[in-house]
Amino acid sequence: MPEHVTVAVPLDEAFVSVVRIIVSGVAERAELAFEDMDDLQLAVERLLAEAGSEGRASLSFELGTGYVRTLIGPLREHGLAEALQRLDRTPGHLTLAWVLDTVVDSYGVEEASGDGIVVRLEKLVGEST
Amino acid sequence: MKQANGSPLNAAEDRELLRRFHKEGDVRAREHLVTRHLPLVRSLARRYAGRGEPLEDLEQVGAIGLLKAIDRFELDRKVSLATYATPNVVGEIKRHFRDKGWAIRVPRALQELNARMSSTIERLTSRLGRSPSIAEMASDLGVTSEEMLEALEVGSAYTTLSLSVGRGGEEDGDPLETIGEEDTNFERTEHRASLEPALHHLPSREREILRMRFEEGLPQTQIAERVGLSQMHVSRLIRKSLAVMRDELA
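Keeping their order, the protein sequence lines are chains A and B.
The first sequence begins at 9 in this note's numbering and counts up one residue at a time.
The second sequence begins at 2 in this note's numbering and counts up one residue at a time.
So that you can see chain A by itself, here it is in the shape it has in the complex (with noise of 0.2 Å):
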């Protein structure tokens, strides 16, 4: 049976530190290794980098058997589901999808509406990537 853990932040640089640690210790709990955890942290900065500076996101994670699911959002930043979507592999191009697709197992466009997008980053326990 899965656990789930949910919290609302701040789209605010000043607690990015805040949410590392929240990714941290939900890592922690989902015995990821410690490169699985930093990637997870780097996937969920870069995020909310693109998502402005204004309101407040949802972190909801899922910690199932070998896996972790996030899903970030709603975030309302103009563009961004059509960044997340251009995987373009040519070298010295690098691009936000291309960051995602290196560090995360899987991501993807959850939800949209006019609220947001919500993004659902998946992080498998042993895989590293």
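Honestly, the hints are just simulated from the structure, not real lab data.
Each hint should be verified, as a subset may be incorrect.
[Said to hold, decoys possible] Residues on chain B that point at chain A, a partial pick, calculated with CB under 7 Å:
#  : residue
1  : R128
2  : P133
3  : S134
4  : I135
5  : T145
6  : S146
7  : L150
8  : E154
9  : L200
10 : F215
11 : E216
12 : P220
13 : Q221
14 : S236
15 : R240
[To be verified] Sample of chain B residues with no beta-carbon within 12 Å of chain A, all distances over it, derived:
#  : residue
16 : D72
17 : G92
18 : A136
19 : A139
Note that CB positions come from ideal geometry on N, CA and C, so glycine has one too.
Using the hints, position chain B against chain A.
Chain B in isolation, oriented as in the chain A frame:
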């Protein structure tokens, strides 16, 4: 200055090795020079010990300074290699401290625990053949997982100053100020789609680390081995590089 076996360094021998390396491309001569001058690096690194960074890390980054000095040494210089290398080694060590400089004041015990983590990660990764979990690291260090996570987070309390320093050293201009006018017209979606314009303004070491992580897909531990830094340091440089690149384009 003495070399590892205790005999005085011979400037004439250094010069001959430098000549063989620069004129004949003799990489063994370069390796020999490194070996001869490692005691100098260790001596300089020790001056900066006890400031929250493992001595081993300081020696590694100092050795990078030595390599740069050997590579940049011009044979018509009238100074000895040791004299020429000293500011390079010290500069590299100082740069390391700037990379990891504590931006906020954190308890010494946490700083020390953070400093011990690097070698613990390396040792456990080697022993387990994989990246250790937080619980495994905590157990090895004799602390709780919560203490581990707290110490880990204080390691993020660094400045981003290093990324304002160009590859040529401290005298270089701030790359953040070298962004061309055309960049300011980028649409935000384009910014996300490509961080490429900002990539070229990063120091070469950071660019290479990003290339290895995202183009080669290497894990941080392997990158750390290649560039001679700890895995935690590589992690911080990746995060900082991406943050700075994004800020440049914002």
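Going through the numbered hints above, which ones does this structure break? Give me the numbers in ascending order. 1, 5, 18 and 19
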